[in-house]
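Chain X is already provided as a structure; the job is to place chains L, G and U on it using the hints.
What follows is the residue order along each chain.
Protein chains: 4
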Amino acid sequence: MQLGVVGLGRMGGNIARRLARAGHSCVVWDRSTSAVGELAGEGMAGAADLADLVSKLAAPRAVWVMLPAGAPTEETVNALAGLMSPGDIIIDGGNTFYKDDIRRAETLEPQGIHYVDVGTSGGVWGLERGYCMMIGGTKEAVDHLDPILAALAPGKGNIPLTPGREGRDPRAEQGYIHAGPAGAGHFVKMIHNGIEYGLMQAYAEGFEILKNKDSTALPANERYTLNMPDIAEVWRRGSVVSSWLLDLTSIALAKDEQLSAFPGEVADSGEGRWTVMAAVEEAVSAEVLTAALYTRFRSRQDHTFGEKMLSAMRFQFGGHTEFKMDK
Amino acid sequence: MQLGVVGLGRMGGNIARRLARAGHSCVVWDRSTSAVGELAGEGMAGAADLADLVSKLAAPRAVWVMLPAGAPTEETVNALAGLMSPGDIIIDGGNTFYKDDIRRAETLEPQGIHYVDVGTSGGVWGLERGYCMMIGGTKEAVDHLDPILAALAPGKGNIPLTPGREGRDPRAEQGYIHAGPAGAGHFVKMIHNGIEYGLMQAYAEGFEILKNKDSTALPANERYTLNMPDIAEVWRRGSVVSSWLLDLTSIALAKDEQLSAFPGEVADSGEGRWTVMAAVEEAVSAEVLTAALYTRFRSRQDHTFGEKMLSAMRFQFGGHTEFKMDK
Amino acid sequence: MQLGVVGLGRMGGNIARRLARAGHSCVVWDRSTSAVGELAGEGMAGAADLADLVSKLAAPRAVWVMLPAGAPTEETVNALAGLMSPGDIIIDGGNTFYKDDIRRAETLEPQGIHYVDVGTSGGVWGLERGYCMMIGGTKEAVDHLDPILAALAPGKGNIPLTPGREGRDPRAEQGYIHAGPAGAGHFVKMIHNGIEYGLMQAYAEGFEILKNKDSTALPANERYTLNMPDIAEVWRRGSVVSSWLLDLTSIALAKDEQLSAFPGEVADSGEGRWTVMAAVEEAVSAEVLTAALYTRFRSRQDHTFGEKMLSAMRFQFGGHTEFKMDK
Amino acid sequence: MQLGVVGLGRMGGNIARRLARAGHSCVVWDRSTSAVGELAGEGMAGAADLADLVSKLAAPRAVWVMLPAGAPTEETVNALAGLMSPGDIIIDGGNTFYKDDIRRAETLEPQGIHYVDVGTSGGVWGLERGYCMMIGGTKEAVDHLDPILAALAPGKGNIPLTPGREGRDPRAEQGYIHAGPAGAGHFVKMIHNGIEYGLMQAYAEGFEILKNKDSTALPANERYTLNMPDIAEVWRRGSVVSSWLLDLTSIALAKDEQLSAFPGEVADSGEGRWTVMAAVEEAVSAEVLTAALYTRFRSRQDHTFGEKMLSAMRFQFGGHTEFKMDK
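Protein chains in written order, with my numbering: chain X, 11 to 337; chain L, 11 to 337; chain G, 11 to 337; chain U, 11 to 337.
A pair holds if it fits inside one copy or across any two, identical chains being indistinguishable in the list.
With a straight-line Cα cutoff of 20 Å, these simulated EDC-like cross-link-like pairs (lysine to aspartate or glutamate) come out:
(1) K149 x E116
(2) K166 x E176
(3) K109 x D224
(4) K109 x E291
(5) K109 x E119
(6) K149 x E232
(7) K109 x E84
(8) K265 x E176
(9) K265 x D179
(10) K149 x E119
(11) K109 x E232
Please keep in mind that the hints were generated in silico from the structure rather than gathered at the bench. Note that the structure is predicted; figures quoted are calculated from it, not measured.
If we strip away everything but chain X, and leave its shape as in the complex, we get:
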């Protein structure tokens, strides 16, 4: 089927490519004409602007917006809404905050335009591996998009089937689900990312304890110099902690066991923060997901005011001076 794709960065471009490979027909646009040209060169229809893109699609139209969350997505959704007709579908495949989805769907509903939010996981591996998708929107719209979604999804591949799923939604086994009404897709994807933070931090802490086991602060007969790449690799096979993140860790450690290319300042995206806020709103004690986020905050600091305050108190009550402190 036909799909408009707006935003041809790494994610958007590869989504169009994966659809084209599956025989779907994409009309693409990006504010970068070279990005449009690149995909046009691969045989897709390039658009000159949003209006041109809409005009090249047959009703009911579906346009996938794959742009940074916030203003870029918001403005594009609004512009598309002005160009589209009742029965058309706007898909936000980015990392939008789910409350914005709820608001947009409520705004577009009187116009008869469907708003579908797709939380998309897969990153740079998606073109080959497929995209795991969590989708929010009306049943009507999501069903209409099914050919597109099925083509983007990873499919069953060689992943073992889960016993006992007879009678449950078969789309989950293909790698996509209709999670609920507008916003539900991004909400589930947001929690996915929150979990991702927690998983990553669990590995990071474990490997740090392994790494520091050669510390001279320990008794000499309790020190080990452990081989990080081999440990990551061995855990991929038959251990309880095997995972795709561990596969990636093993790749990174095989390349450089000191990870010296990485300065250690870790960015965080909105999803981790929103996950904590959702936990607070629901009164869920999300200790691990929150600690994982906070660790990233701290990684980007030199010394915090709070730490200076600790030293100041220690100086006041105990005369401790941290100046000559040996680490």
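Same frame as chain X, but now just chains L, G and U:
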């Protein structure tokens, strides 16, 4: 090759079985004669007692002890040491604290007996999937045991090879590593379990936020009733959080999406606690691994004294009575 | 000077009383006529409704609203705004979210009405001890209210002066500060409460470790049965952890060392949650304040879905059944 | 009464001074002859060595050891044990791990020598404020030492009495308690320090959120530039978070509101670590005390291996490069 196996519980029995399938010859003993009889019925040599077991092995002997950590293992290791000869090998495949390994190896070294500790992951799935093993001990002993270890390990299977591992220890790709001197095997396994706690808790928190998204404490248009089994299943395919633990979660949720068979009191084993203590000894900020352990502690409590104290303070300064509090 | 007081609950009533004792003149109103009657019986002027209250005040009027945050305060502020004149002052002394203050001040500014937010600490002890106040608003309005604020504040009392404060705002030593523009008062009070959560939790955890030191899970010669009331009391004198919260703890423990009147389900108010959200917005790693909040969340649960999930995973990978688990 | 004091650093010297002021007779020794000379110059009896010190005391002797925990204390206790007689008392006033106290008391018991452990809080303020003391040992020994302990303790001072303590141990109101058998004093002091970490961290986090409220990452109308010294000062008066630590914070901030003299690398002593280990042994969920310790660990690091690993994973799955990341 020949191996004595002491302790024929779920783990020990299956280890003997997996070795027998690979053509190795096991002499087995357990204080339960029926356990010995069961394996004897499968064609293995049963022993009447430890001395009998040792006598049925040709030097240099190797005996795998697969018993609960602490007194059962300690007493068996000591008894074996009294029965064995220089050049023999005692293997502790249980969940021993690594400092006990260090002590035992130092004690046995003057007798010429090798002590090898094997941290073994794989649980009830090991017989079929193979056991992921982290091994501590002398190079001489570990090399001698290689045929046994290779047979127990999962092997490469259909798990993709990690690029860039050329020149690194190929045993890691088979699912076992020689981690270092005595204790190193159990130390690495201990951290493996610490990470396992963190990963499990990350999933648990994420799913709890998903589950509680239908709470009536939230605004009506921000509530979703989400499908736990489908979410677990979809994340297995192409998402960043795919893992073996997620596979297991999907199985459990497919069977009962309320998980009502589980009361929610979660046990912890020594490894989780030891991991925290190792972090403290090394001054590693292991927020997530520790929070995961503490969550289990809390899950086994009704109300804590600390919580009563919070209420008592609130009553004192604000006149807040928690009695009629609505949850 | 003259002040209108709306909302005559424990806080509002005592604020009026403390002002009256200091010679100020209060016009009071509450939707409960008996509450109005009670203060009228103490010599204050009761109003029949908001309009009556406003009409009994001379311009420039000042009305202190002391109502629950959210709708009750919002509606009252709006109603007062419709009754008041340029130059008048509306004071919100409740626990309003500071972003609501910012919005209200922006709304009232074109009308020439000043909006002042006062974060008020002191609880049931305020009538005698005075109220610690953190104030947001224009300099003009806050200065105008100074006689009122000075009367409500605790004053220097017998608390030792802080050396080195020469040249700094003397109001801080009296127990009130002008923190900044609208919202700044409630923001500082919000963080005050966040810290309060953290302090309380630190004591709670420490006392719980003391309390559980008689656990039979510990080696017999490492068990102590410790005296909670005496420990709380001794720390009040010369120790680093002495505080007002500890004073209150000592009172509670002296009365009942088991704290058996308290079920252990601990409520949380908005401030604790907003503090975590502020930390997330600022990318501050507020581990302790967040853990303190989460502990309260958990205290109000029986068993969580997350904990059931942990058990379910343990059952899947290890065959562990938590049913017969000994705590 | 007569007391030997060994170790004349800041704590030991001031303990001797406070006792001398109260009319007690101290025999003092330190490996630094100048330290001995200084106190001798103040009228105390200096000893030439441990044997000389013991010989200058009348039986039953009591010697207060005030040395760094570990080897210095251990060696001195052992040396004194060799010089003393049945009925004598060795007091360890340092920061010894309580399990060492238990062991020492068990070792000395057959010799008839009493071992008393005194957890001492008060730091540099103790000479004037008195020392808050938590004491472990036999009733006989602790009762014998009462005149010494009463003189060192702060006494009731002007701290309000706790209502309802009638019939409880009056020593607690004087600032010292007999906590239990050997080790109990240091155990209670250890938890005191654990709580201290938690309290300090709660203030540190709260002030950091206040401090960062002027961040340009926030919307312009939600920024405040808050006055740290005034906020610390105002909370000392009538607020729920008033404490001695807050008094000290106010002093530090009054002197330099940027705390620029403090680099922000915060040391930790054994007690914080032992508190976490005690919590783990007792299965107490000590989230806040542990997070406070971990924050200090992290404060002394540049970038951790764990953080580099997070970046490495992000690079692998998303192509995120943290190199050009803007903080």
